[in-house]
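A.B. asks: Sequences listed follow chains G and B, in order.
Residues 1 to 379 (this note's numbering) are what the first sequence spells out, left to right.
Residues 1 to 268 (this note's numbering) are what the second sequence spells out, left to right.
Read the hints as simulated data drawn from the structure, not as lab findings.
Nothing here was measured: the structure is a model prediction, and the numbers come from that model.
All the pointers check out, no bait thrown in.
Pairwise CB distance ranges (calculated):
#1 B:S154 - G:Y329: 39 to 49 Å
#2 B:A252 - G:S182: 41 to 51 Å
#3 B:A100 - G:S182: 34 to 44 Å
#4 B:V104 - G:S45: 45 to 55 Å
#5 B:T173 - G:S229: 35 to 45 Å
#6 B:L134 - G:R27: 53 to 63 Å
#7 G:P148 - B:L250: 26 to 36 Å
Heads up, the beta-carbon is just placed ideally off N, CA and C, and yes, glycines get one too.
Now for the letters of each chain:
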Amino acid sequence: MTETMTHPSLKADIAPAAATRPMIEIRNVDKVFGNFRALDTLNASIREGEFFSLLGPSGCGKTTLLRMIGGFDEPTSGEILIGGQDMAGKPPNLRPTNMVFQSYAIFPHLNVSENIAYGLKRLKLGRSEEEKRVKEALAQVELSNLGPRMGNQLSGGQRQRVALARALVMRPKVLLLDEPLSALDKNLREQMQVELRHLQRQIGITFVLVTHDQYEALSMSDRIAVMFSGQIAQIAEPKEIYQNPATRKVADFLGGMNFLTASELAVDGRQFRATLPGIGAITGHLSGKEITDPASAIIGIRPERLRIVWEGETADHIVTARVVDRNYYGEMTSLMVAIDGQAEEISVVETNDFGADDIPVGSVIRITYDRDAFIIMQG
Amino acid sequence: MRPGALSRRLLAAYVIVYVAILYFPVLLLPVFSFNDSATPKLPLVGFTTKWYASLAGNEAMHGAAWNSLIVGVSAALLSTVLGICAARAMTRHRFRGMAAASSVIMAPLILPEIIIAISLLVVLLGLGVQLSLLTVILGHLLICVPYSVTVLVSGFEGFDPSMEEASRDLGETGFGTLRRVTLPMLAPSIVSSLLVTFTISLDEFILAFFLSGTEPTLPVYIWGQLRFAAKLPNVLALGSILIAASLLMLTAAELFRRRAERKMELRP
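Same shape as in the complex, but just chain G:
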């Protein structure tokens, strides 16, 4: 999308002093459908100008929460504030939010320009101002020549852009995106991830994205809230979420965590010590985590933090492992290895520049680990 496009009305809103004040506050929000508790005492604060993602498996309540922010559902209890104002009882048309729907919901009986002008019509801006804004919005999503095209004659990617333009032209304080990329094929999805992130930085308004794709959340967000069964498990920056997941579930959902058997585990101040059968004694940092119950805590390490020690190389800590499976991914290879004393097989990911893709299944290899790579999680 074009570099030069800006969002005039919003520039003024983002005074530097206000940059970190909360745009959306979610306070003790519950949602109960009959006997089913869809959301359980949620608390979160989304900052102004932030790209915030709600990440979780389907049915975790992330879409319900997004729909509540947009005004399509009301919390059973608790409150949602946007820009400091309580939104209770306010319908979607009276909220400073706009939504990009999962199905895009492009009106098929209107053309692209009419779709984008749909919300402007009620603002009674006058014809020339309206046309100017539609033109700007079309340029913003690089659809300038598609104005007269009917809503039902667009490709998936085009519909996504029209949905985006139609929402942004309203100059909302918050843009809500409900899995906007899930219907696109892989290449287009990756391209749109970059464009969306870019657009958000340019416009500077708060984006709240719902996704079940961890890579999407990691690559686009300023912060991520990971949700499971109606509860928020962790809110943190992408790097923190990936490197230092709060719980075993978070670690698992973000992909590829090795969980290790420990014969001994002790928490001591801000550090933990553990003895891992077949691996040895290790230490690590709590990294700000509270481990209330060390007995149920678990040690983990990401597959890319384990390395193969090639012939002629040496390392401080050497672990002997037997290759039980090998998966080839083009630029890298994932090896499943068994280590004596460890209950679960361990995954090691190596780039293919040293020949990891040639290691035969059944062979015995030496691996080592980064010293700071061990993580402790609440089980």
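Given chain G's structure and the hints, the job is docking chain B onto it.
C.D. replies: Positioned in the frame of chain G, the structure of chain B alone reads:
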């Protein structure tokens, strides 16, 4: 003969006989309406348009046709409006008593019409209501609404509820959303509903017979004419006009509906 060929021939014969029985009598109507004879029998005597000519001067028939038009248009509009409300409630909301409500709406489809007619008559007379076209319209509403609801429910099911949500999200009110999104998108179903209910009302006899008082609708008028053998050719002419009119109307509406539906379809 190859296996299956016989059964295929039998099936073809069955279809031909079936269609003939269904439509042959209807096709005879226009034929006899141009026959220069007071009784509809073969062989045909000669070509005439006098039965049509005499219809042109028939005030009573004009009155009945006008009454039918009023009743048909009113019943079609009212039942479609009610149908839109009911269908929206049934497809977009979940509420207590929904199953009961939809059964009650659909009930007139399976109740014998003569029972409905007699009960309505008894109730209306008991309430002291004067029989008029209004009472016919009310009666017809009862049997038209189920058809409207059926057609419109499938219309509502055919479009994404987030279209309406998107409209609300873009600042439009509930009523504005109805006007700018829901109704245009439902246009094909609305046309179908109007058409089906108008047609049902137009040829409905029993309720109209009981409830029309001194203002007969077309079917009631035709029924009255059948008592006089001499009027039969006029009835045949009138019937032919009705067939032609319905065919034209159905074709036009179907063409419109298809066009509107094409406009709504997604063509990625």
